[in-house]
Structures are given as C-alpha cells and as structure tokens.
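As you go down the protein sequences, you meet chains S and P in turn.
The first sequence: position 127 = 469 (the working numbering), numbered continuously.
The second sequence: position 184 = 526 (the working numbering), numbered continuously.
A portion of the hints provided could be inaccurate.
Where chains are identical, the list cannot tell them apart; a pair therefore holds if satisfied intra-copy or between any two copies.
What the hints assert, rightly or not - With a straight-line Cα cutoff of 27 angstroms, these simulated DSSO-like cross-link-like pairs (lysine-lysine) come out:
id, residue 1, residue 2
1, K361, K474
2, K430, K513
3, K405, K474
4, K417, K356
5, K405, K448
6, K474, K356
7, K503, K361
8, K361, K455
9, K442, K430
10, K513, K405
No lab work stands behind these hints: they were computed from the structure.
Just so it is clear, the structure is predicted and the values come from calculations on it, not from any experiment.
There are 2 protein chains.
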Amino acid sequence: MSTDNNLEVKLMKKSLGAKTLVYPTPVLVVCTYDNEGNPNAMTAAWGGICCSSPPCVAISLRKATYSYSNLMLKKAFTINIPSENYVKEADYFGIASRNKEDKFAKTGLSAVKSDIVDAPYIREFPVNLECKVIQIIELGLHTQFIGEVMDAKIDETIQEKVDQPIIEQIKPLIFAPDSRNYYAVGNQIAQAFSIGNEIKGKMF
Amino acid sequence: MSTDNNLEVKLMKKSLGAKTLVYPTPVLVVCTYDNEGNPNAMTAAWGGICCSSPPCVAISLRKATYSYSNLMLKKAFTINIPSENYVKEADYFGIASRNKEDKFAKTGLSAVKSDIVDAPYIREFPVNLECKVIQIIELGLHTQFIGEVMDAKIDETIQEKVDQPIIEQIKPLIFAPDSRNYYAVGNQIAQAFSIGNEIKGKMF
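From just these sequences and the hints, can you work out the full model?
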C-alpha cells in the first residue's frame, strides 16, 4: 500500500514553464575567420547533429557575437570538441569576447587553416569538423546555422578499439544547462540498437 | 626531445571523411499522436536546444518514420528524457516501428495527454517538454523540426539542490555515435562561466 503511494508521488509532475530543459548538451567550440583572416573561437552548447545524409550539424549563435558576423561573411566554420583537459579553455572561449581580446593568443592554442573550408580548427582538440554553411534559420535570440560536414578529423593517436570506444578516448565534456556545470562522460550502460530487443521480443 | 616528438605525434590528425562526429549526443524520446489519437514514441539522438528566446528545441527525423507523418499532421510533439533506468525502453523506442507494434503497450509505459499541445508525454520519464512545431526544414535524409517549448515538466521529487544539481537527479543517457553505446553522465568537472576566468584574468 505504501509502495503504491510512493510510486504515485514519484510520478507526479511539476511545471517549470517554457524552458529548454535538455540533458545532456554538448560543448562545441566553433571557429571562424574574420574579414582580416584573424581566427576566433566561441563555445556553443546549443547544437548537435541534424542530418545523416548529407552529414550536417547545427549550431545556434546570438547575433551579438563576433562569430555570428564571421559566419555571415565566410559561410564556413569548424566544430572542435575539447577533451576534459581543456575545460578551462573551452569555458574561456564561451565567456570572453573577440572584440576585447585575442582568444588564441590568450589560451596559447593553435588555429590551423582547414583543408577544405575557410575557417580555422584547433589543433589541440581531439575532434575537428570542417563545415560549410548551407542554411541559416532565424529563430529569435539565436540564429541557427546548418553546416554540411565536409571533413572530420581526429587525433592520429585515436584508434577504433573494441575495448575502448572512441568517445572514451576523446573524453568530451558535457554541459548541464540550468545548474551550468561541466561533466565527464561516465560509465558505459548498454549497447544501442541491441538492448531494446529484449522488449521487442517480449510476448504479452 | 622525445617529449617534443610525442607531442608532435599526439597532435597529428587523420581525416575520417565527411562524417557527423559529435560527442556527446542526447537520447530524446519524441512522442506524437497519429490521426486516430494513438500515441507513438521514437528515439532521436539528432537534436538539441536551438534557441533561448523563444525557447526552442530541434529534432531531426527520417521521412520514413511513423512519427514524421504524425508531426506533419499535428505540428506538435513532446521530448521525453529517459533516466538510466529506462535505457531498455529508450533503445526499444528507437528500433521498433509503430507500423508493426504498439510501443506503449509493449513497454507498459504511460502516455499522458499534454496540457498545452496535441501530443502525449511519458509519465515515467523525469523530464517532459511540450513543443509546438514552428519551423520544418528539409535537409536530406532527415527533416528538422523546430519546436517551441510551451511547457517543461519534471518529476515532483526533483528539487534544486546545491549539492546535487538537477542533471544528477535525472541521470540522463548519453549516446555515442559511431560505436553506438549508451553512457551515463560522469563526474562534475567544473563550474561553467567560471573556470575560464582563470585564463581571462591571465596577464601575458
């Protein structure tokens, strides 16, 4: 009886109003060139994969950012995924403004010219996606840029391993909106497209 | 000397071609009604937050899915975030098709009519976002639906706590593309909009 009551309480909901509560969000460092060819980096958590073919990613930026102007000008950007070791730099890229300081000089990280698109990537970060802007969607405070991935690069040292998937070698950051903390990726829980078969096969 | 060489090797890159390597991606269960009012659920990892004001989320679905037709018809959906406990159900929602089976009957989860939009949410999942479709963007294999969040609900038992942020109470899943595994959220690494100040304040 008390078990049922506890379950009932557990399943009660409270409304928090119109709020973007999505967990987890990624930590994506977006790099661009300005009209003088100076590299810039900013951190965005509003973004992700949006199409498999053509391979596309989406990032949302505010119009007030230096990167927004660069993106409108160059129609190119890179997404750079920091490992845990670079949490300080990733956070700095999110709070500093290119209008006031040279973010690459300040962090000491290396901006490398991309092979295909007109944007720099961060050499020290383990994953770099070269993207060409194919759509720009005005949403309100944020503008969403859809980038077609022209090339994905990873550190030479990262190899496909059965006992250590790529994500465990990359050690990407997770951002928690609301409480605004960075987290590490935790333990592997299950194999996707597999564990659900236990329900699919269930007779009832 | 050998240290420098090691660093050099570490920073060499290899190209994997045009590929959407984004880590982490979320595990979002999208719920809709069909034209007869039957609830459906499917799992999407291609999505995330795309605007703060109005609060918007994006999800990308293939045209072949049952949910795609429902979304085109109802222009409404919910995003439901499963906790680790529901990894089996979340995976099942991603591999089964509504054309062949009633996913709610099979999992035993509860489809509750939303308060504001014409879509059901999953009572047992700790976070539910009621969304109204405001833009539909054709990208290729996937179509991106932008939903304005009309209301966010969380379990009554989840409270703001200094020592345990909401994400640690929700225990959301992380999906790793490529190796296709589910992960838990790991340890807290740093406070966002804070740790980067150590670089911002640096004199050089």
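>> For K442 and K430, with the copy left unspecified, which applies at a CA distance of at most 27 angstroms: within, between, both, or neither?
In response: Cα proximity of K442 and K430: one copy only (19 angstroms, versus 49 angstroms across).
> 27 angstroms Cα cut-off: does K361 pair with K455 within a copy, between copies, both or neither?
Replying inline: between (38 angstroms within a copy, 19 angstroms between copies)
> For the identical chains here, do K503 and K361 meet the 27 angstroms Cα criterion within one copy, between copies, both, or neither?
Replying inline: So K503 and K361 pass the 27 angstroms test across copies only (19 angstroms; inside, 39 angstroms).
>> My question is about K405 and K474: at a cut-off of 27 angstroms on alpha-carbon distance, are they close within one copy, between copies, both, or neither?
In response: both (19 angstroms within a copy, 24 angstroms between copies)
> Taking 27 angstroms as the upper bound on the Cα-Cα distance, should K405 and K448 be classified as within, between, both, or neither?
Replying inline: Intra 24 angstroms, inter 46 angstroms, cutoff 27 angstroms: intra-copy only.
>> Checking an output row: K474 and K356, CA cutoff 27 angstroms. Within, between, both or neither?
In response: Answer is between; shortest inter-copy Cα gap is 20 angstroms, intra-copy 42 angstroms.
> How would you classify K361 and K474 at a CA-CA limit of 27 angstroms: within, between, both, or neither?
Replying inline: between (30 angstroms within a copy, 13 angstroms between copies)
> What label fits K417 with K356 when the C-alpha limit is 27 angstroms: within, between, both, or neither?
Replying inline: between (42 angstroms within a copy, 24 angstroms between copies)
> Taking 27 angstroms as the upper bound on the Cα-Cα distance, should K430 and K513 be classified as within, between, both, or neither?
Replying inline: Result: close both inside a copy and across copies, 14 angstroms intra and 24 angstroms inter.
> Is it within, between, both, or neither for K513 and K405, if the alpha carbons may be no more than 27 angstroms apart?
Replying inline: neither (31 angstroms within a copy, 33 angstroms between copies)
Checked against the numbered hints above, the structure violates only hint 10.
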